[in-house]
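Based on the provided sequences and hints, a complete structural model is requested.
For what it's worth, this note's numbering labels the leading residue of the sequence shown as 86, then goes sequentially.
Keep in mind that the hints were calculated from the coordinates and are not lab data.
Glycine included, C-beta positions come from ideal geometry on N, C-alpha and C.
Hints may contain errors.
What the hints assert, rightly or not - Derived DSSO-like pairs: lysine-lysine, alpha-carbon spacing no greater than 27 Å straight-line:
#1 K175 to K231
#2 K364 to K231
#3 K300 to K231
#4 K259 to K390
#5 K300 to K364
#6 K300 to K175
#7 K175 to K364
Stated by the list, open to error - Taking CB as the label site, the calculated pair distances span:
#8 I303 to E136: 45 to 51 Å
#9 A361 to P340: 22 to 28 Å
#10 G192 to G304: 41 to 47 Å
#11 V222 to I303: 23 to 29 Å
#12 V367 to D177: 21 to 27 Å
#13 L228 to R116: 23 to 29 Å
#14 R116 to I211: 25 to 31 Å
#15 D177 to P137: 41 to 47 Å
#16 H232 to I206: 31 to 37 Å
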Amino acid sequence: MDANLTADAILTKPGVGLRSLIPLAQAARPRQWIKNLACFAGLVFSGRMFEPAAIVESILAFAGFCLAASAVYLLNDVVDRRLDRLNPSKRDRPIASGLVPVSWALGASGLLAVGALGTTIRLASICLMVLALYLAVNVAYSLRLKHTVLLDVLIIAFGFVLRVLYGVYAIEVKPTSWIVLCMFFLALFLGFAKRRGEMHLMGEAEPFRRPVLSKYRIGYLDLMLGMTATLAILCYALYTVTGHRGNASLVVTVPLVTYGVSRYMLLVTVDGEGEAPEKLLVTDRILLGTGSLWVASCVLVIYSKIQLFAE
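Following this line, the structure appears as structure tokens:
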């Protein structure tokens, strides 16, 4: 029997509604919310991490982006459901398998989007613009742009930049250009790594691959990985020297960033990892340890106001 018909038939079974609640929550991909921790970058690097008002605003920003991201994930899975049914690694997803009716997924997506925009009421007005832009760009991505080579990765990177900007504007500070560029190139690096990981995972199984993957080549992706990794590290180094409130002591954290990016690139190019960055970042102990040490070092340098170098 055709996979599409089988899945659609499930939706007509009585009692499917209540049984769809848990799969619906799973389809919202809460495990992906780790990406939204980028909203806290402004809180940490602005020196306001211990101010109650700034903490509340950052939590609201994080919550709003979690709702917005889940709205996008639901829409994306609805659009991709037929292709996902042909993919052994994706056909068990709640929407593709028919556990969640399309109408439920679309309704939940709309409600989450409205809820996300509603969280901006207590934040600066520019936050509404940033979140609305994120939703608009990702709707376009889900419907068409994800099939356009390079633009698919650029939009993913743009989403991370918007996360950082949203968190910064939420606490009403202005970001430096260097940290925005660093986030952009780091997100590009993760995006190209994801595409390479997908190609390694799928191999030559053309029917199961994203259509856009047929337009990429491993050699090209390796080249882009090297370029974006270099630019991300360079921009971060320049930020620590010139962009952080006149204190260049943060430069001592550059080796940790260099090691972390290099470790990630090793896992992607040698071990074929990277298809699920949100998983790799927390399951590889060395990466997790390096990231934790980097955060601790940044907090120590910023909040102890250590002056290790001349201004």
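Which constraints among the numbered hints does this structure fail? Numbers only, ascending.
none
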